[in-house]
Amino acid sequence: MYLYLWVVFAGFIVLTALPLFSPEKRTMWKTGQFIAVTSSVLLAIFAIEVLNITPLPAIIFVVIVSFLADRSTYTKSGMVVAGIFFILIAGGAYYLYHDDPEYVENYINNNPDLASMHLSVDGETIISQEGDVKRPLASTVKTILAIEYANQAAEGVVDRDELIPLDELEKFYLANTDGGAHPAWIEEMRASGQISNNRVPLHEVAKGMIMFSSNANTDYLLEKLGAESINNVLKTLELEQHDPVYPLVSALLIPEYLDYNHNGSLSNRELEAMLLDMNLEEYRELAWEIHNELKEGEPDFFDGTVSVPMELQNIWSDRLPNASVDDYAKVMSAISDDTATVPGGEEILRDLMEWPMELHASNREMYKHFGAKGGSTAVVLNQALYVEKPDGKKIELIIFTEGFSTIEQMKMSRNMNSYLRKVLNEN
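For the sequence shown, my numbering begins at 3 and goes up steadily by one.
Just so you know, these hints were derived from the structure itself, not from any lab. Where a beta carbon is used, it is the ideal one built from N, C-alpha and C, also for glycine. Take the hints with a grain of salt, since some may be wrong.
Here are the simulated distance ranges between beta carbons [to be verified]:
| hint | residue 1 | residue 2 | range |
| --- | --- | --- | --- |
| 1 | 164 | 38 | 52 to 60 Å |
| 2 | 363 | 192 | 41 to 49 Å |
| 3 | 127 | 165 | 38 to 46 Å |
| 4 | 360 | 158 | 23 to 31 Å |
| 5 | 360 | 61 | 28 to 36 Å |
| 6 | 28 | 279 | 52 to 60 Å |
Computed list of lysine-lysine pairs in BS3-like fashion (alpha-carbon distance at most 27 Å, straight line) [as the list claims (entries may be wrong)]:
| hint | residue 1 | residue 2 |
| --- | --- | --- |
| 7 | 136 | 173 |
| 8 | 297 | 226 |
| 9 | 395 | 413 |
| 10 | 136 | 413 |
| 11 | 391 | 370 |
| 12 | 413 | 424 |
| 13 | 297 | 173 |
| 14 | 370 | 396 |
| 15 | 413 | 370 |
| 16 | 424 | 136 |
| 17 | 396 | 424 |
| 18 | 237 | 136 |
| 19 | 395 | 424 |
| 20 | 395 | 370 |
| 21 | 424 | 391 |
| 22 | 136 | 396 |
| 23 | 424 | 237 |
The task is simple: from the sequences and hints, build the whole structure.
Take a look at the structure:
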């Protein structure tokens, strides 16, 4: 996922190692510089891969250490350059990381072709900006699977206590493609004692899909619950702008599958052209074909790992199920009003959706109910939520945004939650 970044980091190490190969240049300072830079790179890689921080702070850290470890920094001109450098770094860091909810508001207002927003209070629509425009849902679509799971659990079609082998979930797991969501969920299951004989309750699988946003759990539940039943939810809730639900993980493997069937001879540009030439129906059918291969066991077209170039990721993101914010206002309102499921499914669904109440004590103090599901890719950032305040006031807030540059994506991700809090507090 970060191949180019690893090449850059390797370059830092190689450049500081080169003087050590010459006896005349192999000084204590150069040796110390090599140790410092190598250590900073290893710490940066640990922070990105294990702690899941965004790459930019790690890059800045490596650059700063490299600069300070260079002896020329401590000349008069070097100190001037260092001062300018640190001012630029500090300014850039402040711009990217200070709390700025207005940034999200301005992005939504200034980019109607890339952003939609819906706000309802006690059933009255306050804002519906580009409300009927279909946009990629990313993981927000998992709400539909949660509703059908609650229906089937309430009716006894599935047993929420059924123990599901982790191996069945792993069939649909692609390493380094979900931001660490699935491994984080597994770790939480182990820590909370939910895993027994390498099995986990079905209800915890559903919670992992919503709270942790595990794609593997999602595609497993898509198979378990049945695509036809899941897509019937769209009709029941009268979601007129909503695309059919289909496998998320398998769609990500379409380029790999196509390349394998062409003996590994396709360039990224050729793969991009093939994908763009494929209509949505063909694309979804191919995703289902791959899904069935994953379900049956070890597929022969990939080795368990995948690296998808950004231009192909963008096509995957665009072709994920689309819907409008007005559709998801209906969804969140139905959950809040206990009408989204068959009788008996209400509390099951709330147990999945209201993880913000479980996770944050401040939410339990401010709200009677708070349910949410976000969704993101490299170019999509969505939030769909409902709250009920202690006085009974109900609010539904839906934001779908897309089409970011790297900096815009970082700023939007950093400030989305503070903007959501601002809107909820004002209403």
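Verification of the hints:
1. 164 - 38: 52 to 60 Å: holds (53 Å)
2. 363 - 192: 41 to 49 Å: violated (24 Å)
3. 127 - 165: 38 to 46 Å: Since the Cβ atoms of residue 127 and residue 165 sit about 44 Å apart, the hinted range of 38 to 46 Å holds.
4. 360 - 158: 23 to 31 Å: holds (26 Å)
5. 360 - 61: 28 to 36 Å: holds (35 Å)
6. 28 - 279: 52 to 60 Å: holds (57 Å)
7. 136 - 173: With Cα atoms ~31 Å apart, residue 136 and residue 173 exceed 27 Å; violated.
8. 297 - 226: Holds: residue 297 and residue 226 sit about 11 Å apart, inside 27 Å.
9. 395 - 413: violated (31 Å)
10. 136 - 413: Holds, at roughly 23 Å.
11. 391 - 370: holds (5 Å)
12. 413 - 424: holds (16 Å)
13. 297 - 173: holds (6 Å)
14. 370 - 396: holds (10 Å)
15. 413 - 370: This hinted pair is violated, its Cα atoms lying about 30 Å apart.
16. 424 - 136: Distance of about 25 Å is within 27 Å: holds.
17. 396 - 424: holds (16 Å)
18. 237 - 136: Roughly 17 Å between the alpha carbons, so the hint for residue 237 and residue 136 holds.
19. 395 - 424: holds (16 Å)
20. 395 - 370: Roughly 10 Å between the alpha carbons, so the hint for residue 395 and residue 370 holds.
21. 424 - 391: With a Cα-Cα distance of about 15 Å, the restraint between residue 424 and residue 391 holds, given a limit of 27 Å.
22. 136 - 396: With a Cα-Cα distance of about 25 Å, the restraint between residue 136 and residue 396 holds, given a limit of 27 Å.
23. 424 - 237: Judged against 27 Å, a Cα distance of about 33 Å means the pair is violated.
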